[in-house]
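Enquirer: Sequence:
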Amino acid sequence: MNSKSLKIPFIVGAILILSGPVLNAPMESDQSLVVSSTVPSLPNVSGKENKPIESVPQIYQMRVRSEIGNRFAHTTVTSRVRNYASEPREAVFSLILPESAFISGFIMEIDGKNYTALVKEKEEAQRDYEQAISSGLGAGHVAVTARDSNRFTVSVNIEREAKAAFYLTYEQLLKRQDGHYEQIINIHPAQPVKDLHVEVLIAESRKLVDLKAPPLRTGNKIGTDKVELDPRADITIVNDTSAIVTFTPNVERQKQFAHLLGTKEENGLSGQFVVQYDVERDPTGGEVLIRDGYFVHFFAPTELAPLPKQVVFVLDTSGSMSGQKIEQMKQAMHNILDQLNEQDTLSLVEFNSYTKVWDIDNAEKSVWYPYTDVPYYCSNEYQNLRVLKMAKFPRAYPANAKNIKNAKLAISAFKAGGSTGIFGALQVALRLVEIERVVPHVNDTTKRQPLVMFLTDGQPTDMSTNSIITGITEFNTYTKRSPIFALSFGDDVDKEFLQKLAGQNAGFSRHIYDEADASLQLEGFYRQISSPLLSDVTFKYEPSTTSLTNSNFPIHFGGSEIVIAGFCGTE
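Take the sequence shown: its position 211, counting from 1, is numbered 211 in full-length UniProt numbering, and each next residue is one higher.
Simulated from the structure, these hints should not be mistaken for lab results.
Incorrect hints may appear among the rest.
The calculated label-pair distances, taken between Cβ atoms and stated as ranges, are [stated by the list, open to error]:
| no. | residue 1 | residue 2 | range |
| --- | --- | --- | --- |
| 1 | His259 | Glu280 | 31 to 41 Å |
| 2 | Gln324 | Thr246 | 18 to 28 Å |
| 3 | Asp234 | Tyr478 | 34 to 44 Å |
| 4 | Thr461 | Gly262 | 31 to 41 Å |
| 5 | Tyr478 | His259 | 56 to 66 Å |
Here are the simulated lysine-lysine pairs, BS3-like style, with alpha carbons at most 25 Å apart [said to hold, decoys possible]:
| no. | residue 1 | residue 2 |
| --- | --- | --- |
| 6 | Lys365 | Lys389 |
| 7 | Lys330 | Lys402 |
| 8 | Lys207 | Lys330 |
| 9 | Lys175 | Lys212 |
| 10 | Lys207 | Lys325 |
| 11 | Lys163 | Lys194 |
| 12 | Lys447 | Lys389 |
| 13 | Lys212 | Lys325 |
| 14 | Lys480 | Lys500 |
| 15 | Lys330 | Lys495 |
| 16 | Lys405 | Lys392 |
| 17 | Lys392 | Lys495 |
| 18 | Lys325 | Lys405 |
| 19 | Lys212 | Lys226 |
| 20 | Lys495 | Lys415 |
| 21 | Lys226 | Lys264 |
| 22 | Lys207 | Lys175 |
| 23 | Lys389 | Lys330 |
| 24 | Lys447 | Lys500 |
| 25 | Lys175 | Lys113 |
| 26 | Lys365 | Lys405 |
| 27 | Lys415 | Lys330 |
| 28 | Lys402 | Lys392 |
| 29 | Lys447 | Lys415 |
For every residue, glycine included, the Cβ atom is placed at its ideal position computed from N, Cα and C.
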């Protein structure tokens, strides 16, 4: 078979360039793994290779093969299409990728010739992309279309009665969350496919446990598991450490799934096939794998009791939170408060133009900051810190039934209004952490792990984002030191800012999509950080170890896993 190489630089999460005479700009599509155009397809449900009078290129085979070894997944998607029309037609190949995945290969087979993509660094690909656009060449791109994902898209003209095939390979490290690993396969062919086959092969170093294929998902909302969406996957246990999971729905099943998932039957299956599993662990939770001098260390202890925690909830009630957003936040917070343990404590911080620390016993005694008419960000920095230290903020409340009830009443009273003063709110939160460390309660000597859970839906109005990141990171030291976990809510928030803010303050960020299930998303995020097991975790290796990834972890949560890699051989 002849082979040609097309210049297709790839920018993760951004752009892909396609240059060549047969390629066109990609068309808009709402779903993934799509081969379609603006003309609706006429599915072949008879099993025969009929020829629709007017149709887009028909997908006659779609294969997904995902090989998982030591928590690392290597997935290849193959889509074969044929143009039955009497004239050339455009086919669009579009695939939704997990956010953490990277493309390692892409090949198009057209008229017996192979066209291979070149994966390039982001900056170089950006330059080539701009040159291609200015030269009038077609371009592809990768854009966010589904939650926590990116979409790869490319289009090509197919001659009449001709066939084409697309082969895309992507790789990802599976992240342990909620006590299991999860491989998500997005399936959105936009038409029923006669030969649809998904195969997930798992080969781990430890015994597999809790292997299952839960009900299909839409990928765009959290829903309850429906029995009707059971994929009826075939799970074959090869041995203790290996298994094969296959999913091969026929055309009728694909149409049934489409109906249950809320899409049109003629568009075929549109959802996510999921495989979940975990591995058997030692009580200490450690496992080291070595190959060719390189090692990977997995650490996930299972027999540790959660640490008592001091949770500071920092919640945005600015004007943009009005309506559904603030109601969803209230609903989620009511459920989150119920998940606190009795040995935990809580503080409730509301912020808009100013910051309010709630006295949940007596709302009138709640403390506003700053309590002068001069905005703190216009004041002298020394005066600002002096005012912060002088403020008589309410102490953290034990998470008992009475205080949980009062906290819910306080949250129910939230009203949206004002601007978004993020810097002051986070300073106050860290000051609350410091107070509990420096001035312990007389009858309570429990040492607690502080957690700042910060939610906002807007852009900061008090300072620039860079100034906030620098200022809070410098402020978050010594007795004030606490991980900051940031939640970006809705479409207008600066997600990159919150990712940097949390990342530089020992936490992480998650995006909450402004949809009907937002309260469930909030609860799911809190569940990830609700069980701290260890703090200030440091791994030490032999001095000869090189190329070591991060080995210092401020906090480790139950249900997750620490992964460290490095080189322990000789060059």
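Enquirer: Hints first: check each against the structure and report whether it holds.
Expert: How the hints compare with the structure:
Range check, His259 to Glu280: Cβ separation about 39 Å, and the 31 to 41 Å hint holds. In this structure, Gln324 and Thr246 break the distance hint of 18 to 28 Å, their C-beta atoms being roughly 41 Å apart. In this structure, Asp234 and Tyr478 break the distance hint of 34 to 44 Å, their C-beta atoms being roughly 57 Å apart. Between Thr461 and Gly262 the beta carbon distance is about 38 Å. The supplied range of 31 to 41 Å therefore holds.
Separation of Tyr478 from His259 is about 59 Å and conforms to the stated range, judged on CB atoms against 56 to 66 Å. Proposed proximity of Lys365 and Lys389 is supported: the alpha carbons are some 18 Å apart, at most 25 Å. This hinted pair checks out: Lys330 and Lys402 have alpha carbons roughly 18 Å apart, not beyond 25 Å. A C-alpha spacing of about 42 Å is found between Lys207 and Lys330, which places the hinted pair above 25 Å, so the restraint is violated.
A C-alpha spacing of about 17 Å is found between Lys175 and Lys212, which places the hinted pair at or below 25 Å, so the restraint holds. About 44 Å separates the Cα atoms of Lys207 and Lys325, which puts this hinted pair outside 25 Å; it is violated. Restraint check: the Cα-Cα separation between Lys163 and Lys194 comes to about 16 Å, which is no more than 25 Å; the hinted pair holds. A distance of roughly 22 Å separates the Cα atoms of Lys447 and Lys389; the hinted pair therefore holds under the 25 Å criterion.
Our distance criterion of 25 Å between C-alpha atoms is broken by Lys212 and Lys325, whose separation comes to about 35 Å. In summary, the hint linking Lys480 to Lys500 is supported, as the alpha carbons are separated by about 19 Å, within the 25 Å threshold. Proposed proximity of Lys330 and Lys495 is supported: the alpha carbons are some 22 Å apart, at most 25 Å. Of the supplied pair hints, the one linking Lys405 and Lys392 holds, its CA atoms being roughly 23 Å apart against a limit of 25 Å.
Among the hinted pairs, Lys392 with Lys495 is inconsistent with the structure: their alpha-carbon atoms are about 33 Å apart, more than 25 Å. A hinted pair counts as satisfied when its Cα atoms are at most 25 Å apart, and Lys325 with Lys405 qualifies at roughly 22 Å. As the CA atoms of Lys212 and Lys226 are separated by approximately 15 Å, the hinted pair is consistent with the 25 Å bound. Taken as a hint, the Lys495 and Lys415 pair is honoured in the structure, with Cα atoms around 24 Å apart against an allowance of 25 Å.
At roughly 19 Å between alpha-carbon atoms, Lys226 and Lys264 fall within 25 Å of each other, so this suggested pair holds. Restraint check: the Cα-Cα separation between Lys207 and Lys175 comes to about 18 Å, which is no more than 25 Å; the hinted pair holds. Of the supplied pair hints, the one linking Lys389 and Lys330 is violated, its CA atoms being roughly 30 Å apart against a limit of 25 Å. The hinted pair formed by Lys447 and Lys500 fails the criterion: a straight-line CA distance of about 29 Å is larger than 25 Å.
For a cut-off of 25 Å, the pair hint linking Lys175 to Lys113 is broken: about 38 Å separates their Cα positions. As the CA atoms of Lys365 and Lys405 are separated by approximately 18 Å, the hinted pair is consistent with the 25 Å bound. Restraint check for Lys415 and Lys330: satisfied, since their Cα atoms lie roughly 11 Å apart, inside the 25 Å limit. Proposed proximity of Lys402 and Lys392 is supported: the alpha carbons are some 23 Å apart, at most 25 Å.
Among the hinted pairs, Lys447 with Lys415 is inconsistent with the structure: their alpha-carbon atoms are about 34 Å apart, more than 25 Å.
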